[in-house]
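Participant: Sequence:
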Amino acid sequence: MGSSLSALAIHPLRDDLYNELHSRPFQVLPTPARVTHIAVLTTPEQREAQFQHLQELHRLLGHPEPEQEVSCFEKTFGNLRVRREMHMEFASYTFINLDPAETGAPFAETGISLLPDGWLDKLTGTVIAAFHIHLQTQAGQGMEDLDYVRQHFEGLRLVGSSPQEGAARVWGTFQLHSDGFGRFMVMNHHMSDSQLGRLTQRLMEIETYRLMSLLALPLARETSPSLNEMDQKLAVITQSLADNDDVDEPALLAELTAIAARIEAFRAHSTFRFSATRAYHRLVLARLEALREDELSGHLTITEFMTRRLTPAVKTCEAVSERLEDLSRRVDRASDMMRTRVELAIQSQNQQLLSSMDRRSKIQLMMQHTVEGFSVVAITYYLIGLLKLGLDSVYEAGFDLNKSLVLGIAIPVVMALVYTGVRVVHHRFIRMAKQQ
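Quick note: the sequence shown uses numbering that gives the first Met the number 0, first residue 0, plus one each step.
Read the hints as simulated data drawn from the structure, not as lab findings.
Any given hint could turn out to be false.
Have a look at the derived ranges for each label pair, beta carbon to beta carbon [unchecked claim]:
hint, residue 1, residue 2, range
1, Glu342, Ser225, 24 to 34 angstroms
2, Arg261, Asp293, 46 to 56 angstroms
3, Asn78, Arg322, 48 to 58 angstroms
4, Gly77, Asp14, 31 to 41 angstroms
Straight-line Cα separation of at most 27 angstroms, DSSO-like style, residue types lysine-lysine; simulated pairs [stated by the list, open to error]:
hint, residue 1, residue 2
5, Lys387, Lys402
6, Lys232, Lys314
7, Lys121, Lys74
Note that CB positions come from ideal geometry on N, CA and C, so glycine has one too.
Please work from the sequences and hints to get the whole structure.
Facilitator: Below, the structure is given as structure tokens:
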């Protein structure tokens, strides 16, 4: 009997994990073709609107509407192929004109030329990348190709390379042109449709991820002046602590708390953006490595251009991110030192307070002993007065006694008894205090 998995427990995500590696297949592109790639930053609320917008395209072109949104959607409408991919922060649309007019000038006809009028204008989201890719067979060699290419990039400085060991030539400027789009030109030498599709996909990803990685640069430039200001304040506070100046600890601690709050606000606002920049930059480097470029006619290759222009921008973002973390740690250490000073000051005040209380207790004890002496005399006086009244009553009742003698003898006896009683009560309270 054959083995089966039906009796085993299957992970609920097993099928999704298998399908994930095949969810975004490479394009298969013929030559010639015109490709337009648009990436739009998308909020969760806008994704549903974009899917409805995609359904509207199917209605306009007379095709059945898709019922469920997927991470990578691809559909061919005659000579127009539409591909929509969903990413964490953005959605990308690739429009491919599979049968362009060969007699037209490059970029006169693009991937969006076959879209219904007005449909693209209703696309929700914020455009971050938009560029055309012109695919054609290579017609000549050397300077003939270069003269042909230059006239279609509006005089901008070219970046070019020969990827895949000379299998094609790629030209671009990494700048916007008069139509608001970027431009790439790919001249296919001997690539198959599958190889050309993979090359085009890498170019689209390089340009999109390049722009996404640069989103943090304005934030880094905006944050740097505030970091300089806070750094100077922290240096002044730390120096005053190092010099052991007579400072207002509570005021400095409040200032440090304010600096720490500002730093945490900056971190909350920028941590995701800086982390995303590092991730996108790594993706760009991986795609550049896969190109396997050779230099063309002394021009900068795409890898050289990215290394010279993109890498410093990413390093700037990384430096600001690391500076935020370093400043946060320094503020924490300064706050700890300040709290230690405040705690030591409080302990010193408490010790002085306890010493003062101890002195007051001793004074009160001495006063208590003095009062006890007066109280013994007072109690004895009142008791002798009561005794005298009692003797007067006995004497008037007919008993003959010497009242003065009896009172004289009673005074020291009563005084001794009162003193003994007061001391007994006093020692009892002391024992009760010690037991607590």
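Participant: A separate judgement is required for each hint: does it hold in the structure or not?
Facilitator: These are the hints, each one checked on the structure:
no., hint, result
1, Glu342 / Ser225: 24 to 34 angstroms, "31 angstroms, holds"
2, Arg261 / Asp293: 46 to 56 angstroms, "50 angstroms, holds"
3, Asn78 / Arg322: 48 to 58 angstroms, "53 angstroms, holds"
4, Gly77 / Asp14: 31 to 41 angstroms, "33 angstroms, holds"
5, Lys387 / Lys402, "8 angstroms, holds"
6, Lys232 / Lys314, "26 angstroms, holds"
7, Lys121 / Lys74, "19 angstroms, holds"
Against the hints set out earlier in the document, no violation occurs for any number.
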